[in-house]
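Trainee: Each chain, letter by letter, is given below.
Number of protein chains: 2
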Amino acid sequence: MDFKTTYDGYVRIVEAALGTYFDDTAEIAEPLKSAMGYSLFSGGKRLRPVLALSANALLGGDANEALPVACALEMIHTYSLIHDDLPAMDDDDLRRGRPTNHKVFGEGMAVLAGDGLLSYAFEIMLGNALKYPDNAQGHLLAIRQVASGAGVFGMVGGQCMDLYCQDGGEADGKVLEFIHRNKTGAMIVSSLLSGLYLCSPDETQSGAVRAYGSDVGLAFQITDDILDVVGDAKKLGKHTGSDARAKKLTYPALYGLDAARKKVDELVGSARAHISCFGEKAAFLTELAAVLGRRES
Amino acid sequence: MDFKTTYDGYVRIVEAALGTYFDDTAEIAEPLKSAMGYSLFSGGKRLRPVLALSANALLGGDANEALPVACALEMIHTYSLIHDDLPAMDDDDLRRGRPTNHKVFGEGMAVLAGDGLLSYAFEIMLGNALKYPDNAQGHLLAIRQVASGAGVFGMVGGQCMDLYCQDGGEADGKVLEFIHRNKTGAMIVSSLLSGLYLCSPDETQSGAVRAYGSDVGLAFQITDDILDVVGDAKKLGKHTGSDARAKKLTYPALYGLDAARKKVDELVGSARAHISCFGEKAAFLTELAAVLGRRES
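Just so you know, the protein sequences line up as chains A and B, in that order. Residue numbers for the first sequence follow the working numbering, beginning at 1 and rising by one. Residue numbers for the second sequence follow the working numbering, beginning at 1 and rising by one.
Some hints could be false.
Pairs involving identical chains hold if they fit within one copy or between any two copies, as the list cannot separate such chains.
[What the hints assert, rightly or not] Derived DSS-like pairs (lysine-lysine); straight-line CA-CA distance at most 27 Å: (1) K45 <-> K174; (2) K247 <-> K33; (3) K174 <-> K235; (4) K263 <-> K247; (5) K103 <-> K247; (6) K174 <-> K103; (7) K248 <-> K33.
It should be emphasised that the hints constitute simulated quantities derived from the structure, not laboratory data. Since this is a predicted model, take the numbers as computed values, not measurements.
Start from the sequences, fold in the hints, and give me the full structure.
Mentor: Below you can see the structure in the form of structure tokens.
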């Protein structure tokens with residue numbers, strides 16, 4: 001397995017599939033369609049779709065069956081970025097090297113673009129599920145997992161706490177971990193599990209993937225925090241130092257850069273150990289954990 | 001069948017079920033939980049849940065099986081009101097006689113409360129579906145219908161066009177009908193169909209209910225427009241005249257009040273005719289169409 005070839009291969013099929021949901025046959029009202037597409041096709045890493053497809057491959061799943069779920073995950077991720085960037089939230093004007101959605105389409109349309117992407121994601125997953133009546137339970141489990149990772153017990157819950165702290169609410173290490181585990185971690189776990197659930201995993205398998213995702217998710221968010229301190233704004237495509245300016249609670253701010261880096265290494269090691277039970281099949285996800293731990297953007 | 005007793009009975013079981021999703025066992029982060037609950041429990045008509053439950057009853061469905069779907073519809077309706085009221089959208093400060101969500105919890109939290117309600121709605125419907133493996137296809141059809149009614153080809157699409165027109169985009173009777181059919185109508189149709197789909201309807205039955213919903217939905221929205229001109233602000237719990245102030249395209253503005261009232265009567269008559277095929281079972285929905293046509297709030 002060549003890691004880069006595999007990753008790029010996943011990204012290619014995801015990009016192609018995402019395109020079909022926004023082609024000329026998709027009669028979405030303008031300027032909503034443009035606003036949704038602007039943020040969705042702005043060169044993201046497509047990490048969540050890759051996680052779903054590679055977890056699906058762990059048990060030899062059918063990539064075509066998992067692909068709409070993978071696309072939906074990217075739509076949900078994009079919706080969360082659009083809403084997070086709003087003036088009433090993080091108030092960011094730059095994302096992936098381009099003006100943020102509300103800067104281009106206005107705040108009202110940016111809210112709707114996010115709402116639209118979230119709804120469309122479910123519509124796509126449910127339409128796909130209807131094509132596989134013999135695996136209806138697998139699809140229901142997968143889509144429910146996505147909804148719960150994205151929702152009030154996951155991403156939205158984490159974002160709520162993040163916003164609450166920015167607005168002056170009390171925060172400590174426990175709150176920080178809650179934010180990280182929920183705001184980013186929950187969707188990373190859900191991406192993996194949604195791909196896996198399509199293959200009827202047993203409890204040991206889903207437990208292992210859940211634990212892997214939990215560690216990778218936390219490592220990913222701590223790395224995000226570190227990059228906001230020491231990262232290259234050009235490579236990142238967004239301003240750095242924004243956490244410090246917003247006096248945001250972060251891992252490096254709370255424990256220092258060195259401890260933050262050490263924590264990432266530990267989490268990467270632990271994540272890799274969790275999925276060793278899948279043997280050779282886990283080679284890609286094992287390498288992915290390491291790559292995410294040393295990413296620069 | 002006593003109409004009022006039946007309607008109130010539906011509302012009672014919906015209120016009780018909605019409450020369970022926000023009781024002490026629901027560990028939703030604060031102030032998110034309060035913000036979601038503030039708007040959800042503010043005395044709405046619960047029309048969409050009633051539509052789902054009464055359509056489900058048309059074919060003798062199990063109300064317990066349909067109830068989580070009914071609750072999810074009310075959550076989605078509430079999310080749409082919270083986002084519509086935002087300053088960047090309709091900029092309303094009064095709803096159901098109380099300050100709007102963002103006036104109480106701030107704009108950021110109001111965005112999240114909407115996002116949270118939408119996600120929670122899907123989580124609830126999917127969790128419910130998993131309890132009925134023998135009716136997985138029925139649930140998938142129902143939830144997909146909700147997603148599509150709420151999404152870019154439905155409610156969000158209609159709201160986009162509404163916002164676009166308010167911002168000075170060109171509008172005519174065709175655009176107005178698009179807005180009405182999508183912004184309000186699509187969710188009314190989807191509420192009915194989602195309840196019906198749980199009972200494996202044949203095509204004639206789903207076609208009849210779809211046509212009924214389409215007529216009732218348009219009548220409902222035209223009545224809304226009429227009430228914004230001639231309604232009693234106290235009964236409505238919101239300011240009147242806001243459409244005229246916002247120079248909003250409405251049915252009375254475009255065709256006059258008399259023509260608007262006549263159109264409502266026609267639509268109510270046609271809606272009732274569509275479901276006559278269900279005989280006695282359709283008594284409640286037949287009466288409901290008439291009641292909605294002459295409502296004062």
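Trainee: Work down the list of hints and note, for each, if the structure agrees.
Mentor: Outcome of the hint check:
For a Cα distance limit of 27 Å, the shortest separation of K45 from K174 qualifies neither inside one copy, at 29 Å, nor across copies, at 41 Å. Within a single copy, K247 and K33 get their C-alpha atoms only as close as 35 Å, which misses the 27 Å cut-off; across copies the closest is 25 Å, which meets it. Proximity of K174 to K235 under the C-alpha cut-off of 27 Å is found in neither arrangement, the shortest distances being 31 Å within a copy and 47 Å between copies. In this homomeric assembly, K263 and K247 come within 27 Å of each other (Cα to Cα) only inside a single copy, at 22 Å, whereas the closest approach across copies is 57 Å.
In the homo-oligomer, the alpha carbons of K103 and K247 lie at most 27 Å apart both inside one protomer (24 Å) and across protomers (25 Å), since each shortest distance falls under that limit. Taking the closest pair of Cα atoms, K174 and K103 never come within 27 Å of each other, the shortest separation being 34 Å inside a single copy and 30 Å across copies. When the C-alpha separation of K248 and K33 is checked against a cutoff of 27 Å, the pair qualifies only between copies, where the shortest distance is 23 Å, while the shortest distance within a copy is 33 Å.
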